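With the hints as extra help, turn the sequences into a complete structure.
First to last, the protein sequences are chains H and S. Going by the working numbering, the first sequence opens with residue 1, and the numbers climb by one from there. Going by the working numbering, the second sequence opens with residue 1, and the numbers climb by one from there.
The set of hints was computed from the structure by calculation and includes no laboratory data. Remember, it's a predicted structure, so these values are computed and weren't measured experimentally. Be careful, since some hints might not be right.
[As the list claims (entries may be wrong)] Chain S side only, calculated, beta carbon under 7 Å to chain H, not exhaustive:
1) 96
2) 98
3) 263
4) 271
[To be verified] Calculated cross-link-like contacts (lysine-lysine; reagent style DSSO-like; alpha-carbon spacing at most 30 Å):
5) S:167 with H:108
6) H:225 with H:211
7) S:197 with S:167
8) H:213 with S:197
[Stated by the list, open to error] Taking beta-carbon pairs under 7 Å as the criterion, some of the chain H residues facing chain S (in silico):
9) 21
10) 22
11) 108
12) 120
13) 208
14) 209
15) 212
16) 234
Just so you know, even glycine gets a beta-carbon here, dropped at the ideal spot from N, CA and C.
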Amino acid sequence: MIWIWQRKRQINKSFWRRESSYLLFLLPALLVYVVFSIYPMFSSFYYSLTNWDGFSANVRVIGFGNYIYMFKDPGFRKALSNTFLFVLMDVVLQNVLGLGTALLLETKLRGRNIMRGLFFVPVVLPSIVVSYIWTYIYGYNKGVLNLFLEKLHMGPVDFIGDSGIAIYFVILTGIWQWMSYRMVIYVSGLQSIPSDIYEAAEIDGARPFQKLKNITLPMLAPAFKINMILCMIGALKQFDLVYTMTQGGPGYATEVIATKIFREAFDYSDYGYGCAIGVVLFLMIMLITVVTNWFFDKREVEI
Amino acid sequence: MRGQTGKKRAGAAAVLKTAGMALLLVVYLSPLYLLFSIALKSKEEFARNRFGLPAEIQWGNIAEAMEKMKFFPALCNSLFISVVSILLILLSASLASYTLGRRKGAVYSRLYLFFLAGMMIPFQLTMLPLYKLIHTLGIMRTHWSVICIYTAGFMPIAIVILTGFMKTIPGELDEAALIDGATPAYTFFHIILPLIKAPLTTVMIFCLVGIWNDLLTPLLFLGNSAQTLIVTLYNFVGAFYTTNWTMVFAGSIGAMLPLLAVFLACQKYFIKGMVAGAVKG
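Rendered as structure tokens:
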């Protein structure tokens, strides 16, 4: 027993010596990552249990008070339901539009690579530029949409100033911007399907719709998975468009989780509460990543 | 005969499809047409002619917006921050991935998982403690605040992409060098580094788009003199021009053009990088 233990120690010692330069290679990455991601994450867990105001050194632990307050805070409930609306509409519309465009682009077309590149342009634009363009289009006073409505003797509609509908138009802006990202991922998924499967199906007399349903969609499962996860996480973290188009307003009508954290910390100096909302956001992202992976991995076995 | 008409019909269908797709593209990108056409109109013309092309192109608008928003210092800040962050990410992540992807041991597989888990950490969770940390470190309002945050933030995805690639390099290559007495550092810089240009490009593009267009991080951590192009545009529009659309869009063109130009020049790499970044992550 002691002999084995000693032998193990010897192996261990030589492991550390043998690997010393490789461990050194890890050091810079590890250091930056721990100091600027992991440590702040654990700080956030801690501060979420306190009444930290961001400035005073006097931080008091108040237990789960911030989390309990969250349930009672109508502002948080609004932010949560808006965020879920974001997730739902993004997942459905971005994927339907992205997949549809990808399928069209992958048919025989002239100049499809150029078209794919042009479709992708909104993805590399800064969100704030996108939000200025659409703020103009949605404008109450002589915005593009209202000029059209005027021609039809309707309106005007205050698309992003009316608290009942503003959130939908902010969400649509994001869908315009990000749908092409979904598209290029589907395109690369489509390109990875070997063409002999289609040829075999054609010999067996499969109709176009059958090919789509029985070959294309199942073979796209990995692309679906990536797009679902990215779409949901992107929607949960959404900040730029809301912040620049409506600042969460009018009132709290378009508040989402990310703008809520920002407002709690930098407008109301309630950093502790902001951290608690951040923890909830983190838990939701973890849940979505794990559940989506599990869902698709389970189905991949079936296929 | 029949074959030929069939071919002709297929050709006609292809032309029709291409035309339909082109039309869809035009509709999809029409907001960008508005952006460019309005930015290049005079204010008086914009009041009369909201949709048409400018009668006379007003390059002066862009010059005026650039001057008022102090474009060039902001451009330099953005460039400095992007370049330094990306270099730090590429160097530290490829070194770490060399170890994680090519050495065996439980320590390494656990460390890999430790990095992988970082992909789930949203910036909104860490930003408030970071505010305090950056303050304590005395780098608040300097370039280094956001550079450190970006380097840490993009580390997980960079390591996942690079480690995945390292595993595909045949082991004989560096083992032979090591047996010949080369140090691990020599092997990394002379043998491995030249082989991983493709994944390094992927990481570079993925980080560049994220860093260049980011609003929240520089908004929180940078002062006016170190501010990026995007936040400079945000302040410019907020302070003066919320309703002066020619100026808003002229400034927007200034802020978006550098990255857009790089994208249009090498869109193939961009799309490949953005897809690989998403798929591997």
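Tested hints:
1. 96: 4 Å, holds
2. 98: 6 Å, holds
3. 263: 5 Å, holds
4. 271: Holds, about 5 Å.
5. S:167 with H:108: 36 Å, violated
6. H:225 with H:211: Measuring from Cα to Cα gives roughly 21 Å; hence the hint holds.
7. S:197 with S:167: Distance ~15 Å between residue 197 of chain S and residue 167 of chain S Cα, so the pair holds.
8. H:213 with S:197: 38 Å, violated
9. 21: 4 Å, holds
10. 22: 4 Å, holds
11. 108: 5 Å, holds
12. 120: 6 Å, holds
13. 208: 13 Å, violated
14. 209: For residue 209 of chain H, the interface hint is violated, since the closest Cβ of chain S sits about 18 Å away, which is over 7 Å.
15. 212: 16 Å, violated
16. 234: 10 Å, violated
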